[in-house]
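Residue numbers (our numbering): 1 to 487.
One or more of the hints may lead you astray.
Just the calculated beta-carbon pair ranges, DEER-fashion [claimed, not checked]: (1) F12 <-> F169: 23 to 33 Å; (2) R290 <-> P462: 48 to 58 Å; (3) S114 <-> R290: 32 to 42 Å.
With a cut-off of at most 20 Å between alpha-carbon atoms, the simulated DMTMM-like pairs for lysine to aspartate or glutamate come out as follows [claimed, not checked]: (4) K363 <-> D412; (5) K421 <-> E243; (6) K414 <-> E395; (7) K383 <-> D412.
None of these hints come from the bench; they were simulated from the model. Ideal Cβ placement from N, Cα and C applies to all residues, glycine included.
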Amino acid sequence: MSEYFIIIISLFLFNSIIDTVNSRIFLNFPQSFPRNIIIFSEFGFFLFLTGSPWLAFTITTLLTSLLTMASTLKYQVLGEPLIFSDLAVAASFLRYPRFYMDAVPKFLRIIIISALIFVPVIVYFVIKSDFPPHSRWVGIAIMTVSGSILAFLWKKSWSATFMTHPDLFSDVRNYGLIATLFFYFLRWRREAAPAPLENSSFSVTPDIELLIIIQCESFADPVSLSPQHPLPPLPTLTRLQEEGGNTRSGQLDVSGFGAYTMRTEYAVLFGQDEKSLGFRYFDPFLTAHRNMSYALPNRLSSFFEERIFLHPHDLRFYNRTQLMPQMGFTKLISTEAFSEDDLCGSYVGDLVLGKKISEIIEKSSQKTQMIYAVTMENHGPWKQVDGIEYKDPLEIYDFHLRNSDLLLDMLDQKLSGLGKKAVLAFFGDHRPSIPGYNSPGHSKSTPFVIKTYHSPADFDFPQGAHLTPAEFSEKIIRSLGKSFRPS
1 MSEYFIIIIS LFLFNSIIDT VNSRIFLNFP QSFPRNIIIF SEFGFFLFLT GSPWLAFTIT
61 TLLTSLLTMA STLKYQVLGE PLIFSDLAVA ASFLRYPRFY MDAVPKFLRI IIISALIFVP
121 VIVYFVIKSD FPPHSRWVGI AIMTVSGSIL AFLWKKSWSA TFMTHPDLFS DVRNYGLIAT
181 LFFYFLRWRR EAAPAPLENS SFSVTPDIEL LIIIQCESFA DPVSLSPQHP LPPLPTLTRL
241 QEEGGNTRSG QLDVSGFGAY TMRTEYAVLF GQDEKSLGFR YFDPFLTAHR NMSYALPNRL
301 SSFFEERIFL HPHDLRFYNR TQLMPQMGFT KLISTEAFSE DDLCGSYVGD LVLGKKISEI
361 IEKSSQKTQM IYAVTMENHG PWKQVDGIEY KDPLEIYDFH LRNSDLLLDM LDQKLSGLGK
421 KAVLAFFGDH RPSIPGYNSP GHSKSTPFVI KTYHSPADFD FPQGAHLTPA EFSEKIIRSL
481 GKSFRPS
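Starting from the given sequences, assemble the full structure and let the hints guide the process.
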């Protein structure tokens, strides 16, 4: 029994020390109790699994350490601690590791790879070893007792009083990372879906024949991107920002920095703000299937005969393959429409994407059409591109960014000369995270433009306005004309 006493004291001491990296302070007993009961449950599970008290202690402490390292790294790069929904990107990490590995220091890559190789091997041989059977029974007892305490407190008090709304930074500081991960997951599971919207209705024939929405990857104003390394302005963006009349531009106040495309994409497609989503806002695509009446293509289904989603990358990200048809898109266009020759760097170039959109418009036999395109060229990591001399990540990013500006100009010229009543909405999903040049502590906003063509505008906001992505979604709807006011 003395061995178990030493192990349990060591368990709480080591995990408390590790968790202070997240909370910045040693938590008092009431604050640390939720974390400690969760860690005790983990220890019981691993003791039951391995039969070895010291190995169970090691695995539990190692898990806390890995989560803390991941959270610290994420905070440095993206300005946000680890959250439960980040585990949903595990499959994406295995499928496209280059998206994530550049942000991980080399020494940490070695630690992670070594742990992935050796820990399962050690666990396997320990499980096969002949430990006293009572150890596993002790593990079951610990799991049962700690799990029962956790369930009792949740039902009796915590479900009504503990972490009832998202306050990520405060909760990590006050209760530690482990407790925040666990209880945010519970809250997310309990979050109710909103009541479905009623069908949209129209009083007269719609004004607009063509709606194009461009979600531009990592699109930001280069002038304000890195104050210590100012870059020249983007010609097309600057021109449209100075226009009046049928053009409105401003800043999109997105919540993510350097990542979390899905938060902005969801808000624009569904028109729901973060407060209304509660704990679902961290990765709203995980529960998007419950909110399909809010999806823009569904709301516009009787307005536009053809509704196309265009993205030159793997649609398995965020489960777009299944979700986009449910949202009301009638056609998905992805990597099959492009070739190796279309790459600009690691991804399909924005100018190629613009030509594809122009081709779709020209060949369409439908009277009314909606196109929602998500670009890829600006996505990091920003490696050197064949044929250009830039080697610095900021210069390489700026090279790709100017292609996005050319895409904006291409579509502006195309719609100006097309003769159709049209609306173009163009926005950045988030700023890029370029270590050494910008940081999440500065502004997160991205530019947006809404312009109508061959049709009178109905804007109710001035040039230079700041909008949330959900507000931007509603402004797109308003730009379609007075005849369209969906419920």
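Do the hints match the structure? See the list:
| no. | hint | result |
| --- | --- | --- |
| 1 | F12 <-> F169: 23 to 33 Å | holds (25 Å) |
| 2 | R290 <-> P462: 48 to 58 Å | violated (36 Å) |
| 3 | S114 <-> R290: 32 to 42 Å | holds (41 Å) |
| 4 | K363 <-> D412 | holds (18 Å) |
| 5 | K421 <-> E243 | holds (19 Å) |
| 6 | K414 <-> E395 | violated (29 Å) |
| 7 | K383 <-> D412 | violated (29 Å) |
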